[in-house]
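Novice: In order, the protein sequence lines correspond to chains A and B. Going by the working numbering, the first sequence opens with residue 10, and the numbers climb by one from there. Going by the working numbering, the second sequence opens with residue 783, and the numbers climb by one from there.
These aren't lab readings, by the way, just hints derived from the structure by calculation. Every residue, glycine too, gets a C-beta built ideally from N, C-alpha and C. Hints are supplied without guarantee of correctness; some may be wrong.
What the hints assert, rightly or not - Heads up, simulated SDA-like pairs for lysine to any residue below, C-alpha to C-alpha not over 25 Å straight-line: (1) 873(B) x 888(B); (2) 891(B) x 854(B); (3) 873(B) x 862(B); (4) 891(B) x 24(A); (5) 873(B) x 916(B); (6) 873(B) x 24(A); (7) 891(B) x 34(A); (8) 925(B) x 24(A); (9) 873(B) x 34(A); (10) 891(B) x 17(A); (11) 917(B) x 854(B).
Said to hold, decoys possible - Each pair of labels, with its calculated beta carbon distance range: (12) 11(A) x 837(B): 28 to 36 Å; (13) 37(A) x 902(B): 26 to 34 Å; (14) 15(A) x 914(B): 34 to 42 Å; (15) 856(B) x 14(A): 21 to 29 Å; (16) 861(B) x 33(A): 39 to 47 Å; (17) 18(A) x 902(B): 20 to 28 Å; (18) 25(A) x 853(B): 41 to 49 Å.
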Amino acid sequence: MFRIRRVYDDITPANQEAIAEIQDILRAQFPRLLKRTVAKLPDQLIG
Amino acid sequence: MKILQDTPEFKPSEVAVAEEVIDSYLKDPVNSGYYTLVGEVDLSVVGYICYGPTPLTEGTWDMYWAVVAQERRGQGIGSALMRGAEEEIRKAMGRLAIIETSSTPAYEKTLRFHLGLGYEIIAHIPDFYSPGDDKIILQKRLK
Numbered sequence: 010m011f012r013i014r015r016v017y018d019d020i021t022p023a024n025q026e027a028i029a030e031i032q033d034i035l036r037a038q039f040p041r042l043l044k045r046t047v048a049k050l051p052d053q054l055i056g
Numbered sequence: 783m784k785i786l787q788d789t790p791e792f793k794p795s796e797v798a799v800a801e802e803v804i805d806s807y808l809k810d811p812v813n814s815g816y817y818t819l820v821g822e823v824d825l826s827v828v829g830y831i832c833y834g835p836t837p838l839t840e841g842t843w844d845m846y847w848a849v850v851a852q853e854r855r856g857q858g859i860g861s862a863l864m865r866g867a868e869e870e871i872r873k874a875m876g877r878l879a880i881i882e883t884s885s886t887p888a889y890e891k892t893l894r895f896h897l898g899l900g901y902e903i904i905a906h907i908p909d910f911y912s913p914g915d916d917k918i919i920l921q922k923r924l925k
């Protein structure tokens, strides 16, 4: 089932997972875009 | 915003801007000024849209990015995300949605997609991105 939801923060596990999946989509489609950005992701989520 | 139907290679300047948007959002999702909606199928993300209020305006919002997973394209997910964002903007008393895109052939599908959703071309800036690569600005009045 398709649904749309707003991601308000990166606090809940569900939102963390959603952000990671967004990054996966971006990594697959725009490899140059994420060479640096993906690497920063874990630190930013923890912070 | 550029919905990239054919995954064209980004220019270095586009990469820098994209990273700035994403990094800003990830550093502070609540206060970044960027809003994000995700489309999910069975709890798995299949696309997302990033938008936000235009600074120093009243009720004008920029649509920055929308991306749909390659295997999910052509299923109406991009349209649903756009309409979802427009609905959220309306709830926030937004009145105008603005999209900027490129005039190059790689973005023809993107342009048609937006025109199909009711956006109108309101400005065309020749050679904006680079010689021969114009900026096209589209607008939709949200009622």
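Novice: Verify the proposed pairing of residue 917(B) with residue 854(B), using a straight-line Cα cut of 25 Å.
Specialist: This hinted pair is violated, its Cα atoms lying about 28 Å apart.
Novice: Residue 15(A) and residue 914(B), beta-carbon distance inside 34 to 42 Å?
Specialist: Since the Cβ atoms of residue 15(A) and residue 914(B) sit about 38 Å apart, the hinted range of 34 to 42 Å holds.
Novice: Evaluate the given range 41 to 49 Å for the C-beta pair formed by residue 25(A) and residue 853(B).
Specialist: 23 Å, violated
Novice: Hinted pair, alpha-carbon criterion (25 Å max): residue 873(B), residue 916(B). Please report holds or violated.
Specialist: Violated, because 33 Å separates the two Cα atoms, which is more than 25 Å.
Novice: Between the alpha carbons of residue 873(B) and residue 34(A), is the straight-line distance 25 Å or under?
Specialist: Distance ~28 Å between residue 873(B) and residue 34(A) Cα, so the pair is violated.
Novice: Range hint 21 to 29 Å: satisfied by the CB atoms of residue 856(B) and residue 14(A)?
Specialist: 22 Å, holds
Novice: With a cut-off of 25 Å on the C-alpha distance, tell me whether residue 891(B) and residue 17(A) pass.
Specialist: Outside the cut-off at roughly 30 Å; violated.
Novice: Falls inside 26 to 34 Å, the C-beta gap from residue 37(A) to residue 902(B)?
Specialist: 32 Å, holds
Novice: Take the C-beta atom of residue 861(B) and the C-beta atom of residue 33(A), compute their distance, and say whether it sits inside 39 to 47 Å.
Specialist: 22 Å, violated
Novice: Under the criterion that the straight-line Cα-Cα distance not exceed 25 Å, is the pair residue 873(B), residue 862(B) satisfied?
Specialist: Holds, at roughly 17 Å.
Novice: Given the hint that residue 891(B) pairs with residue 34(A), does the C-alpha gap stay at or below 25 Å?
Specialist: This hinted pair holds, its Cα atoms lying about 20 Å apart.
Novice: Please work out if residue 873(B) and residue 888(B) have their alpha carbons no farther apart than 25 Å.
Specialist: Violated, at about 33 Å.
Checked against the numbered hints above, the structure breaks hints 1, 4, 5, 8, 9, 10, 11, 16, 17, 18 and satisfies the rest.
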